[in-house]
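**Student:** Top to bottom, those sequences are chains A and B. Using our numbering, the letters of the first sequence map in sequence onto residues 1 to 172. Using our numbering, the letters of the second sequence map in sequence onto residues 1 to 205.
Everything labelled a hint here was simulated from the structure, so no lab data went into it. Treat the hints loosely; a few may be bogus.
Listing some non-contacts, in silico: residues in chain B with all C-beta distances to chain A over 10 Å [as the list claims (entries may be wrong)]:
| id | residue |
| --- | --- |
| 1 | 17 |
| 2 | 39 |
| 3 | 72 |
| 4 | 97 |
| 5 | 147 |
| 6 | 163 |
| 7 | 174 |
Straight-line C-alpha distance at most 25 Å; calculated SDA-like pairs for lysine to any residue [stated by the list, open to error]:
| id | chain 1 | residue 1 | chain 2 | residue 2 |
| --- | --- | --- | --- | --- |
| 8 | B | 44 | A | 55 |
| 9 | B | 69 | A | 52 |
| 10 | B | 41 | A | 62 |
Think of the CB as a built atom: it goes at the ideal place given N, C-alpha and C, for glycine as much as any other residue.
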Amino acid sequence: MISCREFRDQFQPQSQDANLLEHVRTCDACLDFAAHVDPDIMFRAIGGSEMVPPGGVDAFVDDVMRQVRVRSAANVVNIQPRWSWRRMSAAAAIVAGVTVGTTMYVMTGFNPSHDVLKPVATAHVAMVQKNLTTKPVVETYESENATIVEVPGESTGAQIVMIVDDSLPSDL
Amino acid sequence: MAAVLRLMIPTKESVEPDDRQLVETIRGGDADAFEVLVRRKTSKVYALCYRIIGNAEDAKDISQLVFLKLWENLEKYDKQYAFDTWLYRMVTNVAIDFMRNRQSRENAVNSNLRLVRTSSDPEQGVVVQHKEVEAVFEEVSATLSPKQKTIFVMNQMDDMPSAEIARVLGCRESTVRNHLFNARKAMQQQLEKRFPEYARLWRQR
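So here's chain B without its partners, still in its complex pose:
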C-alpha cells in the first residue's frame, strides 16, 4: 500500500522536467511544453535584456523576439551543452543587434542633441538610490559598444564569471577580460565627466 501511495505522489522530477527534457518534449511537437519553458525563463531573459538595453518596453519586445527565435531554432540545440548557455547566446546576439541598430538610429538623428550633465557641487555627498543609479548607468554606458555593455552587464550585474561569458559569446576568456577592462575604463571616464560625485564613489580597480 505504501508503495502504491508513493507512486501516486508526484515527485519533483516528474512535475518539473529539466530544460533538456523540456526541449525533447517540444521537439516531439508539444507546444504546451514550450509554454512551460517560456514561463521558466522569462525573468532571466527579461532581466538580461533590460540590463543590456536599459528600457523596459524595448527589453520586453526583445525578450519576446528571443523566445520566437528559440521556437524556430530549437532543432539546432545540441544537448551536450547547457541550455542556459545556448539561450544566453541567443539573448546577447539579439540584444547586441538591437543596440547596434538603435545606436545607428540615434547617431543619425540625435548626434547634436546629447546633453552633458555636470555637477554644480562635486564636493557634495551623494545618496545612492536605485532609480538614480539606473539613470546614471544608462547615460555613462551609452558610450560603450554593444558587446562591451553586454559583457559588463553579464559580469557586473548578472554575476557571471568571464569563462561562462566567453562560452556564451563564443570567444576567448582573454577577450572577455579585455572588453571588461575597457568598459570599466570608459565608464569611469564618463562618470568623471558627467557625474563626478559618483565617479569618486565608483573607483576603477
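Okay, chain A solo, but in the shape it has when bound:
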C-alpha cells in the first residue's frame, strides 16, 4: 500500500486510482485530507474490496460449506419418486401381463387335484415325525422291580403309559 505522503502527492479530485482509494479506506488522516479536497471521496471510503466478515474468512467458508453439505444431504433424503410416462407404461405392461396370464391359466382348465399334492404332504409329515423320534420305542419290558402304570385303551385293552425302574439308565 502507498504511504500517506505518496497519497497526498498523487490525490486529485475525482480520482479513480485503485491504490489511492484503497489507502483512503484505511487511513483516517488521509480521508480527512481527501474529503476537503474532493468531498465525493467521503462515502467511497466506506469499506473496501478486502473486507473480512466477522470471525474471519476461514470460519465463514467453513460455515457455508457445512450448510451446503447439510442441504445436499437433505436433498438426497427428500428425493421423491417421479412417475414418468416410461415407468407408468412399464408398470401397466406388467399388470396386463399378469392379468392375461391368470386368465389363460383359468381358461385352460388346469386344476390340480388333491391326489397330486397329498403324497408330498404326507411324506413330508412322516419325515418330520421320523426325525423327531430320538429314543427307542420299548415294545416288551420285563422287570421284577419296575412299577408299571397302565390305563385302559380305547380299542386294544390296557395301554402302558409309564414305567418307573431304578435299574434303567437315566437317559432312557
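We have chain A; now place chain B onto it with these hints.
**Tutor:** For chain B alone, coordinates are given in the frame of chain A:
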C-alpha cells in the same frame, strides 16, 4: 530435462482455474471446487453486502445466503456472461429483499422512534473519520429505497460504472443514472437536515 522440469512446475493457470472453469468443475460434482470459489469471492460479496446493508452481522448472514443460493442455482449460470455479473445480480437481489423486509419491520415497530440529529454549531469544522462517515451514511441512506441504495453503493463505493450496474440489475443504463441522481439528491437533503457540517462538505453535483 528442461522440458520435464517445466512440466512439473505448476503454472498459474493450473493452480488457479478461472471462475468459469471452477463452475464447470463444480457442476461435475466437485464440492471442493465450490469451496475454492467461495473463498475467492467472500471478500467481494461480503463488502458489497456490508455497504448495502450497513451491519456486519446481517451482511455476513446475507453473504452466506448468497453462496447457498449460488450452490443451488449454479446449473442456471450461462457461461456466455461474466460470472461476477451473475454473482453480483444474486447479491443485489438477496440484499434488496433483505432491505425491503427490514424496512417494513422497522416501519412497523419504530416509526415513531427515529431521532433527528441536528448540529449545535453548523459553522464548526468537521474532522472526517471512517466510523463517523459510516454512521452518517447509515443514517442518511435510510431514506433511500433498497434499489437506490444498492445502485449508489455499487457506483460510489464499488467504483462500478453505470453500464455494468445496468447489466447486473437487468435494467437500462438510463434507469441506473436516474436512480443515482435521485439517491444523491435525497442524501443531500438528509445531510442538510441532520448533518449540516457534512452537507457543506459533500456537495451535490
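**Student:** Each hint needs a verdict: does it hold in this structure or not?
**Tutor:** Tested hints:
no.	hint	in the structure
1	17	holds, 17 Å
2	39	violated, 5 Å
3	72	violated, 7 Å
4	97	holds, 19 Å
5	147	holds, 17 Å
6	163	holds, 15 Å
7	174	holds, 22 Å
8	B:44 with A:55	holds, 16 Å
9	B:69 with A:52	holds, 20 Å
10	B:41 with A:62	holds, 14 Å
Hint compliance for this structure: hints 2 and 3 are not met, and every other hint is.
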